[in-house]
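**Q** Residue numbers (my numbering), protein chains in the order written: chain A, 1 to 620; chain B, 1 to 620; chain C, 1 to 340; chain D, 1 to 340.
Fair warning: there could be bad hints in the mix.
[As the list claims (entries may be wrong)] Label pairs and their calculated CB-CB ranges:
hint, chain 1, residue 1, chain 2, residue 2, range
1, B, 590, D, 211, 23 to 29 Å
2, A, 264, B, 452, 56 to 62 Å
3, A, 111, C, 17, 39 to 45 Å
4, D, 142, B, 503, 46 to 52 Å
5, D, 142, C, 225, 55 to 61 Å
6, C, 219, A, 438, 53 to 59 Å
7, A, 198, B, 503, 43 to 49 Å
8, A, 222, D, 328, 48 to 54 Å
9, B, 562, A, 617, 28 to 34 Å
10, A, 499, B, 148, 43 to 49 Å
11, C, 225, B, 452, 33 to 39 Å
12, C, 289, D, 328, 40 to 46 Å
13, A, 564, B, 503, 27 to 33 Å
Bear in mind the hints are in silico, worked out from the structure with no lab data behind them.
All figures in this text were calculated on a predicted structure; none of them were measured in a lab.
Backbone N, C-alpha and C fix where the C-beta goes; we use that ideal spot for every residue, glycine too.
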Amino acid sequence: MSTTTEGTSGSAKQVFTIEGATVRLAGDSGDGMQLAGMQFTNTSALAGNDIATFPDYPAEIRAPRGTLAGVSGFQLHFSSDDIFTPGDKLNALVAMNPAALKTNLADLEPNGILIVNVDAFDKKGLSLAHYEKNPLETGELDGYNLIKVNMTTLTRGAVKDLGLNVRVADRCRNFFAMGLLYWLYGRSTDVTLRFIDAKFGAKPDVAEANRRTLLAGRNYGETTEALPSSYHIDPAKLTPGTYRNMTGNQALAWGFMAAAECSGKELFLGSYPITPASDILHELSKFKNFGVRTFQAEDEIAAITSVIGAAFGGAMAITTSSGPGIALKGEAMGLAMILELPLLIINVQRGGPSTGLPTKTEQSDLLQAMFGRNGECPIPIVSACSPADCFDTAIEAWRIAVRFMTPVVVLSDGYIANGAEPWRIPDIDDLPKIKITHPTGDDADTFHPYSRDEHLARPWAIPGTPGLMHRIGGLEKQDITGDVCYDPDNHQHMTDLRAKKVANIADDIPLQDVNGPEKGDLLVLGWGGTFGACTTAVERCRAEGLSVAHAHLRYLNPFPANLAELMGRYKKVLIPELNMGQLRFLIRATFLVDAAGLNKVKGKPFAVSEIADEIKRLLA
Amino acid sequence: MSTTTEGTSGSAKQVFTIEGATVRLAGDSGDGMQLAGMQFTNTSALAGNDIATFPDYPAEIRAPRGTLAGVSGFQLHFSSDDIFTPGDKLNALVAMNPAALKTNLADLEPNGILIVNVDAFDKKGLSLAHYEKNPLETGELDGYNLIKVNMTTLTRGAVKDLGLNVRVADRCRNFFAMGLLYWLYGRSTDVTLRFIDAKFGAKPDVAEANRRTLLAGRNYGETTEALPSSYHIDPAKLTPGTYRNMTGNQALAWGFMAAAECSGKELFLGSYPITPASDILHELSKFKNFGVRTFQAEDEIAAITSVIGAAFGGAMAITTSSGPGIALKGEAMGLAMILELPLLIINVQRGGPSTGLPTKTEQSDLLQAMFGRNGECPIPIVSACSPADCFDTAIEAWRIAVRFMTPVVVLSDGYIANGAEPWRIPDIDDLPKIKITHPTGDDADTFHPYSRDEHLARPWAIPGTPGLMHRIGGLEKQDITGDVCYDPDNHQHMTDLRAKKVANIADDIPLQDVNGPEKGDLLVLGWGGTFGACTTAVERCRAEGLSVAHAHLRYLNPFPANLAELMGRYKKVLIPELNMGQLRFLIRATFLVDAAGLNKVKGKPFAVSEIADEIKRLLA
Amino acid sequence: MSIESLPILTSADFASDQDIRWCPGCGDYSILAQMKKVLPTLGIPREKTVFISGIGCSSRFPYYMNTYGMHSIHGRAPGFATGLKITNPDLSVWVITGDGDGLSIGGNHLMHAIRRNLDLNIILFNNRIYGLTKGQYSPTSPLGKITKSSPMGSIDNPLHPLSIAIGCEGAFVARSIDMNIKHLGQMLKRAAEHRGTSFVEVYQNCNVFNDGAYSWATDRESKADATIILEHGKPLIFGKDRNKGIRLNGMEPEVVELGKGVTEDDLLFHDEKSPEPSLAYLLSRMRHPEFPEPIGVFRAVDHPRYDDELNRQVEIAREKQGQGDLNKLFHSGETWSVSS
Amino acid sequence: MSIESLPILTSADFASDQDIRWCPGCGDYSILAQMKKVLPTLGIPREKTVFISGIGCSSRFPYYMNTYGMHSIHGRAPGFATGLKITNPDLSVWVITGDGDGLSIGGNHLMHAIRRNLDLNIILFNNRIYGLTKGQYSPTSPLGKITKSSPMGSIDNPLHPLSIAIGCEGAFVARSIDMNIKHLGQMLKRAAEHRGTSFVEVYQNCNVFNDGAYSWATDRESKADATIILEHGKPLIFGKDRNKGIRLNGMEPEVVELGKGVTEDDLLFHDEKSPEPSLAYLLSRMRHPEFPEPIGVFRAVDHPRYDDELNRQVEIAREKQGQGDLNKLFHSGETWSVSS
Ligand SMILES: Cc1ncc(C[n+]2csc(CCOP(=O)(O)OP(=O)(O)O)c2C)c(N)n1
Ligand SMILES: Cc1ncc(C[n+]2csc(CCOP(=O)(O)OP(=O)(O)O)c2C)c(N)n1
Ligand code: SF4
Ligand code: SF4
Ligand SMILES: [Mg+2]
Ligand SMILES: [Mg+2]
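Construct the entire structure; sequences and hints are all you get.
**A** As structure tokens, this is what we get:
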């Protein structure tokens with residue numbers, strides 16, 4: 001930590017330069033914590049920091065006010081260094097009420113900054129949080145840097161002459177908290193002031209109230225003696241380029257649009273709302289001027305069947321859902337597979353089984369993606385490893401789908417979907433084109449719907465093309481002609497062909513790369529949203545001298561061609577997953593490698609320390 | 001083959017005593033081959049032979065008459081020895097038309113008996129079968145013992161004075177063929193004459209026509225010079241008892257009824273028709289006087305949800321389907337699992353993927369049964385290995401379901417479902433009771449819906465019981481109380497608990513037994529309908545001096561507790577499956593055992609020779 | 001259902017110990033309150049009462065009732081209820097569903113439950129929006145509705161729950177409004193008392209994602225003109241001053257003013273017991289703002305019930321064939337003996 | 001749909017090279033024949049025509065047409081058709097389904113397709129039985145039907161396809177009979193020509209598992225008395241001697257004899273264009289044997305079509321916002337630059 005006497009923020013107080021910080025805003029679901037978190041994120045990103053976020057909110061729309069179940073949190077990690085996770089331990093926590101304090105305190109580091117809204121610590125608030133005594137008074141918070149702020153009072157004061165009713169006024173409290181944090185971390189209020197203009201422009205008094213509260217919060221930081229100093233964080237050394245913040249769901253949506261453009265297709269989405277996938281539907285439904293057509297189907301089966309229909313018709317067609325919805329799509333996925341049509345099935349995973357924990361993250365649908373349908377039915381699977389990575393994953397999935405004429409499953413998860421990080425904006429012209437050829441009427445004489453090209457892909461002949469009329473369906477089909485066929489040998493042949501086609505994708509995807517030594521004591525093998533935690537843990541352990549490398553799989557079916565060889569170069573393999581060992585199961589079955597697992601299903605991402613500790617335990 | 005001068009059949013011709021024979025009747029779907037096959041089966045069973053059958057018919061209700069696609073076949077293997085399969089090679093083939101000849105000839109052994117209805121070998125018949133020349137005249141059948149019979153003419157002659165129209169008369173041809181076979185294998189016509197009375201009693205002229213044709217066929221055998229001798233087969237040395245013929249579907253249905261009786265429950269079936277599972281629904285719907293309630297639901301989802309509702313209400317509740325229907329049940333299976341209610345989900349597997357080959361057999365839904373739903377969702381799986389074994393499997397599945405309060409998947413397949421074998425009738429009072437206790441109003445003070453007994457089973461408290469009112473659902477539930485609970489540690493705990501409960505079943509099921517040496521060069525590890533082929537192949541190889549044993553898994557999740565140890569006693573493990581290696585995948589992942597696979601998806605069971613050849617290849 | 005002499009229960013006895021997690025101001029509270037009020041009047045013990053729901057805000061209902069309950073999966077509640085009722089005919093089974101749960105993913109199960117006419121009470125909370133998933137349009141959202149998934153306005157012609165129920169020839173079909181608590185209580189009671197599937201649509205305000213969807217039907221000024229209360233055998237009269245009525249012009253209803261040559265006798269008379277459901281269908285087609293929307297019982301006729309019929313078949317089978325005997329069954333037909 | 005000047009096609013041009021695998025005598029043959037007759041008269045090229053079906057005997061239909069086709073999965077054909085039509089509005093898309101496929105497992109999709117009113121032609125082959133799975137009762141089987149799965153008789157009140165379609169306010173709803181080939185051809189043509197979802201129920205005989213289900217409507221002696229042909233603007237007259245008619249008594253239809261003081265003008269006049277579907281609903285309720293069953297077009301009105309509306313929104317969006325530019329989108333809102 002370095003000290004500057006004159007803060008870049010123009011504060012009169014002392015300013016320390018730090019590498020970064022992890023901050024969580026926690027309050028009632030009605031307190032606007034998600035909005036505050038997003039603003040803090042954008043502001044930090046625009047300040048040039050690297051960022052990672054973790055929003056966490058209850059399943060209820062509005063759980064009863066002030067209760068433990070109603071707490072909503074937003075965690076932001078920002079740094080002048082490359083970061084990959086929203087952070088394990090909090091440097092600062094803002095607790096808007098007693099329930100938020102109770103459910104979040106455990107994550108605050110010793111001596112961490114703890115800002116509480118004391119006004120909310122009244123009898124009712126304390127009892128809703130099941131506090132028998134007021135923790136602000138028992139001394140139990142002595143181990144923290146406790147900053148008590150009369151946030152409600154101060155907020156009401158700031159807006160008093162605007163004539164708003166109390167409920168509306170109190171809803172500005174989140175801006176007060178933001179203002180205070182902005183001061184603390186030397187952030188500019190510009191982004192949020194612009195946001196206020198755009199969002200509340202139509203209600204000038206609300207806009208003004210939010211503006212005033214934001215600034216009141218900032219000024220409070222500058223004036224209160226409780227906060228003797230503030231922090232400065234340098235911009236991160238990111239690859240040059242223009243950046244914006246992206247959540248995983250938005251990146252998927254935009255990735256699909258980019259894939260459509262790169263392949264000269266119009267995009268069709270058939271979907272049925274489900275948490276945490278719905279935002280992809282919401283995002284894509286905004287872009288009709290891009291020729292994006294979204295169809296909110298009556299259920300998940302109608303969604304995927306509409307997508308198969310659209311794919312038959314030559315569109316770039318995708319369906320989005322989460323675990324329970326994907327379970328419903330199994331039968332139709334089998335049809336898509338035997339029809340050999342290109343389409344994407346996106347699973348933004350959440351806590352299972354059954355309805356499970358709808359707003360929590362988990363990686364427990366991998367085996368469902370592999371095997372969740374009848375018969376021998378191989379479907380390629382790709383996964384995204386971070387919010388920004390969703391963009392590339394979307395494009396890559398579509399590339400595979402059309403090259404091999406196959407449905408492709410894309411796995412994301414709730415953590416990636418709602419988390420945000422900086423995304424370096426590509427030039428759309430720099431993205432590789434995806435070549436698609438449809439046979440035309442000129443091919444009529446030689447056309448066979450189930451003939452094959454060098455990738456074993458069948459031709460994508462679309463209705464409307466003269467001379468290529470043909471019928472497809474879910475019964476086993478004769479090789480080449482595609483006619484219904486009950487011949488025993490043909491069934492074996494077609495089963496083999498379909499398996500081989502998918503297996504061959506291994507030759508068309510990059511070899512698996514590794515972060516760390518080429519060989520050594522331990523390989524951490526991950527997939528999906530654990531990327532950040534694995535990366536950070538492995539780097540930390542390597543910094544401590546351990547011989548450990550990290551490989552993170554994008555391709556889960558088929559695996560990259562060098563995976564067996566790669567794993568063989570390490571004495572041990574550790575597979576951390578937010579499930580009970582699903583990738584490990586596939587790795588063991590496929591390669592007979594006795595990989596160790598680090599498994600957790602707690603609705604939360606891994607802490608870096610959990611993985612680092614396990615690495616150390618294995619290498620001890 | 002021994003010779004008797006005076007046949008037991010009272011034939012004047014020479015009679016050879018043989019161990020057994022494999023015979024196939026093949027004709028057009030409209031020719032009544034399935035009926036004839038069933039009669040031949042019953043007759044042979046009643047003659048005391050061991051039997052095994054393999055019906056094989058087209059997916060169409062009535063494929064176009066005379067075409068290759070329309071051929072329907074029924075294969076019967078009967079013997080004085082224990083047999084386990086319907087036989088690889090045919091000793092005799094009856095071909096009612098050219099299409100039947102074409103599609104079945106390859107299975108007939110050299111010099112095998114080939115009976116053809118020459119009347120059907122006219123221009124139209126030949127051309128429908130894509131014969132350019134009449135094979136009866138080209139000499140291409142010289143390698144067989146060809147018996148040409150004017151079956152149509154002879155049948156019409158036999159019924160001529162009954163005044164039936166030609167179409168009705170011609171429909172008796174299958175009885176002519178049966179009569180001929182009955183003579184050939186020294187079978188009594190009694191069973192079939194009784195059947196004719198029962199079935200056609202209401203139409204005396206049809207009954208009479210069938211009777212006459214049957215006897216005409218038998219007499220033709222006795223008189224025709226083409227057949228110089230007939231065969232005699234001694235009764236098999238079966239375990240003493242009373243026997244009847246059973247198909248797999250019937251045995252499942254009766255097994256469920258027995259399980260209901262043994263556990264003091266009434267049976268509820270919620271199902272939606274699908275081949276080859278529908279017959280279970282048909283069978284059970286006959287037994288309302290047993291308190292069996294069948295509900296033909298609007299779809300598979302309604303079927304399983306009705307079953308979950310009935311299980312909640314304390315019934316013995318089951319749902320039956322095949323692969324595509326099971327795919328639709330995935331979401332609800334997840335719910336059943338987290339509700340921890342006992343119920344059975346039966347999958348009579350058929351050829352996949354997608355609609356696949358509906359009337360053909362396959363074992364390719366094992367991984368679907370394991371993983372076909374979202375989240376960490378373990379469900380026990382048991383499988384039946386033969387038609388008669390379905391009875392015991394049904395009871396065992398229910399025993400596990402209620403002891404552990406869990407849904408259980410039962411895997412059968414089209415081969416078992418439609419195949420028949422002798423079933424030794426148990427005395428219902430000898431079947432072990434299945435003990436079920438429901439908490440009562442007296443337990444109200446201590447009752448918790450998610451408390452656990454020594455099997456980790458929760459109490460099965462049923463609506464209607466005073467004082468035990470509680471709510472269950474698909475969200476994660478708090479340990480013991482069952483209340484909705486989003487607590488991270490609780491989710492981990494409950495996930496672990498549910499997994500452990502299922503894993504613990506391994507302590508409650510028999511250790512895996514082995515047929516053959518305790519240790520040796522090769523273990524053939526099978527499951528499901530391959531039982532007969534595996535048994536016969538292994539016994540044959542052992543007879544040839546090879547060191548090979550056979551273990552056949554009833555329990556697929558969890559595996560028997562000694563399986564790892566057992567496999568370790570053999571140098572190699574071979575897993576033959578009618579899929580591309582699904583059990584092998586589970587075995588590799590679970591035990592890291594590099595088992596070899598013998599895999600086939602041709603819509604047909606294994607031939608014994610296929611497995612025997614592979615054993616020899618592996619041990620060469 | 002066996003009705004015994006019971007301790008007298010109160011609304012509070014039907015409240016479970018769970019915190020209620022609907023948004024403050026949600027119309028669901030009012031339906032819950034009425035249900036808790038009505039149940040003690042039915043003479044059915046709590047333990048004989050079961051609530052089964054799908055997924056949605058509305059579907060959390062069972063957690064709040066101190067009865068048996070199941071919060072199942074999205075859209076499938078009628079299936080669970082069917083299996084439960086068939087096997088336990090003496091239970092009083094309620095299905096709680098939403099417009100998305102019941103008419104989007106679950107439309108088919110709803111339709112089949114209604115046509116089978118098991119003795120179930122199905123209450124559909126129609127807030128014309130997906131509440132739990134935070135505000136997408138639903139099958140009952142009006143054309144042009146702007147939501148998160150329809151930023152340019154919904155283009156799906158809405159479904160009308162009662163028209164569909166009558167399309168399936170539902171035997172008991174009714175409608176009420178969350179805010180009209182007395183009427184709502186009556187409808188719940190009528191539904192409970194009807195034998196066969198009772199289908200009740202409740203207009204329910206989602207004050208977070210679709211606030212005011214029914215203000216025309218609940219606002220003091222407009223409601224008398226915008227709704228019409230159906231009463232069996234009575235003419236269709238409405239309006240603040242009860243001076244307007246509905247008259248039939250051929251097959252088309254029209255609004256007329258009373259007086260000015262039009263008397264009550266010229267009006268359409270409601271007949272909830274009409275065996276022919278065409279009148280009920282026509283009433284279900286009267287929509288705001290062209291017409292006052294009817295609330296009340298559209299149809300209440302006695303139809304055979306699946307559960308009764310099935311259990312009757314069981315009885316008949318037992319009478320005719322005797323109680324099943326497995327040993328006898330196993331030995332029926334062709335058997336043979338092998339002796340040692 | 002772009003209609004170009006085309007080579008004149010014949011019925012035979014629409015036949016595929018696949019062997020037809022229905023049972024001899026099955027009513028499906030007749031429907032296939034009429035379809036092949038009608039299509040060449042529409043002026044739509046074969047390659048612009050697509051048949052999509054579910055699973056069932058009826059659903060094998062696409063294999064026999066030399067057009068594009070998909071034999072999909074059980075009950076879901078409307079979903080495939082919807083996605084195809086949305087993305088390819090110039091295709092002529094037909095959905096072929098059965099009473100099990102369309103009303104049992106697929107009831108919800110059918111309902112939603114009808115209400116969305118995409119320009120699809122849905123033909124439901126109603127043989128009142130599950131043919132392909134060998135004879136279980138279906139949702140349209142009459143009460144008491146004895147089948148493999150209902151040995152004591154079905155106890156499910158049947159669904160009536162047209163009542164349901166009208167319950168969803170279907171814009172084009174018609175019925176015909178396999179054996180009445182001229183009428184059937186007309187109905188298929190009317191369905192094809194109607195813009196929006198055309199729903200046609202065809203009474204189809206399954207001579208293997210449900211033979212004679214419609215003999216009253218096809219037998220020479222009975223059909224004139226047992227059916228009534230709907231014609232727009234004409235009174236409902238029927239009978240061998242065309243001396244019987246349908247009159248409205250309040251909301252209930254009744255059979256009257258003409259003459260004896262009853263004139264044609266007293267009869268109910270058919271109005272397929274009535275914006276109010278109550279008449280069509282009432283007609284759908286006329287059932288054999290109480291009434292002659294109507295065949296013909298029950299309803300044909302112009303409603304907004306989902307596919308049109310969606311594509312209109314795309315156009316409007318493009319007009320208002322300009323054709324989308326990804327580079328612009330990516331750089332919209334808050335961005336920042338990092339330089340090396
Ligand atoms: C299979 C499945 N698909 C989707 C969802 C997500 N989901 C939960 S509730 C709901 C809709 C709720 O709408 P409605 O039934 O109207 O209930 P409300 O919340 O408005 O009361 C959806 C789409 C789910 N839980 N399961
Ligand atoms: C998911 C699924 N469930 C069940 C089946 C079995 N199945 C095939 S067709 C059919 C019913 C056919 O009845 P219908 O739609 O009336 O057609 P029909 O054969 O009478 O023309 C059923 C139950 C299936 N193929 N897929
Ligand atoms: S979101 Fe709407 S329906 Fe759901 S609880 Fe809140 S107000 Fe009620
Ligand atoms: S079973 Fe019936 S519907 Fe199917 S093809 Fe045969 S006659 Fe036609
Ligand atoms: Mg709703
Ligand atoms: Mg049918």
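**Q** With reference to the structure, classify each hint as holding or not holding.
**A** Structure-based check of each hint:
Roughly 54 Å separates the CB atoms of residue 590 of chain B and residue 211 of chain D, a value that falls outside the hinted 23 to 29 Å. Range check, residue 264 of chain A to residue 452 of chain B: Cβ separation about 59 Å, and the 56 to 62 Å hint holds. Evaluation of the 39 to 45 Å hint for residue 111 of chain A and residue 17 of chain C yields a pass: the beta carbon distance comes to about 40 Å. For residue 142 of chain D and residue 503 of chain B, the Cβ-Cβ distance of about 51 Å falls inside the hinted range of 46 to 52 Å, so the restraint holds.
Distance hint check for residue 142 of chain D and residue 225 of chain C: the Cβ-Cβ separation is about 45 Å, which falls outside the suggested range of 55 to 61 Å. Between residue 219 of chain C and residue 438 of chain A, the C-beta spacing of about 57 Å keeps the proposed range 53 to 59 Å intact. Our hint of 43 to 49 Å for residue 198 of chain A and residue 503 of chain B is violated, since their Cβ atoms are close to 55 Å apart. One distance hint, 48 to 54 Å for the beta-carbon pair residue 222 of chain A and residue 328 of chain D, is violated here, with the actual separation near 39 Å.
Taking the beta carbon of each, residue 562 of chain B and residue 617 of chain A are about 31 Å apart, inside 28 to 34 Å as hinted. About 45 Å separates the C-beta atoms of residue 499 of chain A and residue 148 of chain B, a value consistent with the hinted range of 43 to 49 Å. A beta carbon spacing of about 60 Å between residue 225 of chain C and residue 452 of chain B contradicts the range 33 to 39 Å that was offered as a hint. Under the hint 40 to 46 Å, the C-beta atoms of residue 289 of chain C and residue 328 of chain D, about 42 Å apart, fit the expected range.
Look at residue 564 of chain A against residue 503 of chain B: about 29 Å separates their beta carbons, and that is inside 27 to 33 Å.
When held up to the earlier numbered hints, the structure conflicts with 1, 5, 7, 8, 11 and fits the remainder.
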